[in-house]
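In order, the protein sequences belong to chains A and B.
Quick note: the first sequence uses my numbering, first residue 1, plus one each step.
Quick note: the second sequence uses my numbering, first residue 1001, plus one each step.
None of the hints are false.
One-sided and incomplete, this derived list gives chain B residues near chain A with beta-carbon spacing under 8 Å:
1. HIS1182
2. LEU1183
3. ARG1184
4. VAL1185
5. ARG1187
6. ALA1191
7. GLY1194
8. ASN1195
9. PHE1197
10. ALA1198
11. ALA1199
12. ALA1201
13. SER1202
14. GLY1203
15. ASN1205
16. VAL1262
Please keep in mind that the hints were generated in silico from the structure rather than gathered at the bench.
The model shown is predicted, which means the values in this text are computed figures rather than measured ones.
Each residue gets a CB set at the ideal place from its N, CA and C atoms; glycine is no exception.
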Amino acid sequence: MDSEPLGIWLPAPWKGRGWARLPLPADVGKALPCYLRQGQAACACRHVFVRSIAPHVGFRPSWAISLLSRQALQRAIRSFFHYAALEAPEQAALIECVLAIPRKRQTRPLLDFLIRPEIEALLSAPDLPIGVSSLDGMGRRTGGRRRPGVFRRVAGFLLRGRCSGAVPAGKAGGFSAAAGVVVPTVSSPAFPSSAASDTLRCAPRRRDVDGQSMGVLESADVVLEVANLGKSFPGVQALAGVFFRLRRGEVHAVVGENGAGKSTFMRLLAGLETPDDGEIRFRGRPVRLRHPHAARQLGVAMIHQELMPFLDLTVAENILMGRERTRGPFGWVDRAAQRREAQRLLRQLDVPVSPDCRMRELGVAEMQAVEIARAIGCRAEVMIMDEPTSALSERETRALFRVMGDLRRQGGAIIYISHRLEEVFELADTVTVLRDGRHVVTGPVTAFSRQSLIESMVGPPKPQIAEPRPRIAGVFGGHGRAAGEPDRAANARPAEDAAALVVRGLSRAGAFADVSFAVHRGEIVGLTGLVGAGRTELAQALFGLVEAEAGEVRVHGVAVRLRSPRQAIDHGIALLTEDRKRDGLVLTMSVMHNLTLSGLDRCSRGGWINGRREEAVADALIADFGVRIAHREQSTGTLSGGNQQKVALGKALLPDPDIVILDEPTRGIDVGAKAEIYGLIRRLAQSGKAILLNSSELPEVLALSDRILVMRQGRLSAALDPRRATPAEILHWAMPE
Amino acid sequence: MHPRNIRPWLARYGLLLALVGISLALSLAKPGFLTVSNLINVIRQISINGILAVGVTYVLLTGGVDLSLGSLVALSGVAAACWAHPGEYPVVVPVLIGVLAGALCGAANGAVITWGRVAPFIVTLGMMTVARGLALVISGGRPVSNLSRAFTTLGSADLLGIPVPALILAAVALASHLCLRHLRVGRYVYAVGGNEFAARASGINVVGVKLFAYTVCGACAGLAGVVLASRITTGQPNAGLAYELDAIAAVVIGGTSLSGGVGGVGGTLLGALLMGVINNGLDLLNVSSYYQQIVKGLIIVGAVWLDKRSTK
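Bound conformation, chain A alone (with noise of 0.2 Å):
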């Protein structure tokens, strides 16, 4: 037809205003005509806005590319809107465009998501600037809000610029298709099952019918499609809108930080949870995984960060579980035949362990490598590591990463979850990052650096959670903390002996190593670092529920030895611990009878409970930390995260300590009780208390502490000034090296 290049016509924001035409690459121009033919107008849309709008928007053309999925598109869309102040028929063109990309019923979520104020106002408008086409049949009513004709009017709209070079005369109104493009009548084909959401592939491999190389999605080699993925647990949304793929002989790391969903998500794959939202696609075929069996039966293996081995079984029973090799019909179990297998496995991963051996006698190492060798016997299609190699020496991680080499040349797929970057640059194709349980970014690896890497787990410099905390000189006496001072180093020595504690050397196997520091009354020193640095078994350690086994605990300058809470809470520690549903709060008790037990003595006497003044006790402290609550009588355990929260912190500081340690004090809560704990936290420290606020959530540590100390594999890595520190830079202290 023409001789000049396809091309479309778009709303170009990235031009000011107006419009531009986009010459097609080439896979596309060969592209277009063979989806329109096939009726499949919403994989052109897509593909034209992949390869043509995204890199103009802000999206590296490879990452485009690449990206693959409705994520970029929702990226790329989303610019748009927010940068670019289109008029009402630029926009509605765009929206238009996306209307027309889902077909399938898991990608209305995502438009919800995307653009539902849009998608609102345009179906409101009363006279749409679009035209309809003349392009009959390419339409295929689905339902829903969508109207007929949309693909249609879209096809029109792409090919325009196929047809004229022209600027649309008058935006409104001049949408319809030339005359003259024919695009036969389909009858609606389905779609290759992820073509939806694929970006477009153009593989030479598939040929049509014709014999004529076009672009065909290539969607074979997916072999785990993940659409809109969500979960909550009460209190907290904990994964949404997660969009993820997995290709075969592809190892796909998983980054993130600490609670960025990680977990969940794979706990999701293998069938640990159930989603509450969302689509899991094995092999294109939507399935429910109901139970980690029915993972399992699919070929997706995971192997856990915490070890679940049978510690009484034989490596290789341990091995073999599930599918024991048996013989006759009774299922006797061949021992000689599960011992040659699991032999054969554990040599396959250079563990130097007899298939004999009982679990219980191997080290922490050797187990994650039994475990492992597990997975792979499965021979699953997918397999899921998470932080397999934590326990893991260097050299069984460098067989561990030759075996992965092998899996992933025989076909199978690796989704590999780790904090160490390099290990992921090392071994992975590509990289998901998830951050507050959403989808980041998706790309190969090689589009990252570390840095970059970091800064896209840590996301954008956020508004600040609240006002920085006001420095109250006077609370601090003479401790001379000037607000200028240059960061304060754990070990800094000049106040030391009038802090109100001081930790010396303090180390606990397998949990931390000689941590010193010192905390000031009237401060909050924060502490942080990944999930499993150590940082609540010292927590735990300084409140005495576990023995530091050497170093030296100084409460206001007098060694103390902590062998249980109680002792702690004699020396005027209070710890808010980690889980208050585990370990916190007593949920089968009233608010009142929670509040009041750690200090039952205040109301008490000669062990006889005074009703009055528990009841006394209990209203100052619900009134005190602003518990919302019916009745003081009501039970803990139906209580919101906050609320509970709120009554642990009570419960925590009814025996007025002097040294307040806060695990995790916001954790799964909602961001209005998360303010009021906030709150709560400075006016602990201007009322004189020591605080160590041990938090993941970097925003939080940042806004709230008068030094951070971070953390990295039980050592102190860093002590940093909130002033001057950002995410990434306590993220780099706290990954390890």
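Given the structure of chain A, go ahead and fit chain B onto it with the hints provided.
Same frame as chain A, but now just chain B:
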């Protein structure tokens, strides 16, 4: 009443309702049921099981279990009987000896459970056998008879028309109620059963609380053994077989959770009463004791099932 409000109400008063309902039905079916003598008979029958049940309530509230009660009843009964021969000691001595024997065994249970960190089920199962063996050793395998009048009146006499065992039960129940509701240690019993870790983190001496619960439970078993010995006027080394199960059943019917932290003495008393009334009623209705066992089992399971449903 609105259906949403009926659930907590049912959870709270359902047992009382069931008790009243069954009593009404029985009094309609058998006029002999609702007579003073029969009702006194019922409370006399339940008193021993009641004392045991009140004791084991402590243990169940901490989330533990005590299977040694039946054997402790036998042991303390025999021990008390040995000191209760006529003309030797005042009646207080055998009573104290019996209670002390039970308390010591209970304390031993608690010690092994807390310090040895052995599961309560196992420890008390062991104690069940050990205490039975001790009872046989002390008595030489024969019932200890020839008891003083003062001792035997304990189990058979009435005070103001109410049987002494029932008065003892009332005293024990009242004391336990006050302890669990108004003493610090009682509060701690609930806390330990509700969430042991949280209790520890609140500075509660969990070991001490558990020791207390098992010791009190043992002491109650000892008291029950004394009452039983005085009622049957012998110290029987084979007495009290499977009493622990009836006691636990009464507690559980009374709404105390086997996982601990929820329940109380009031429920336990009602549970024991319900079991007694049903036993008595079935007797009156001439139901064979074989069938009675079946009914009892069904009631235990049914009561707990209903409780689970109503509190959910």
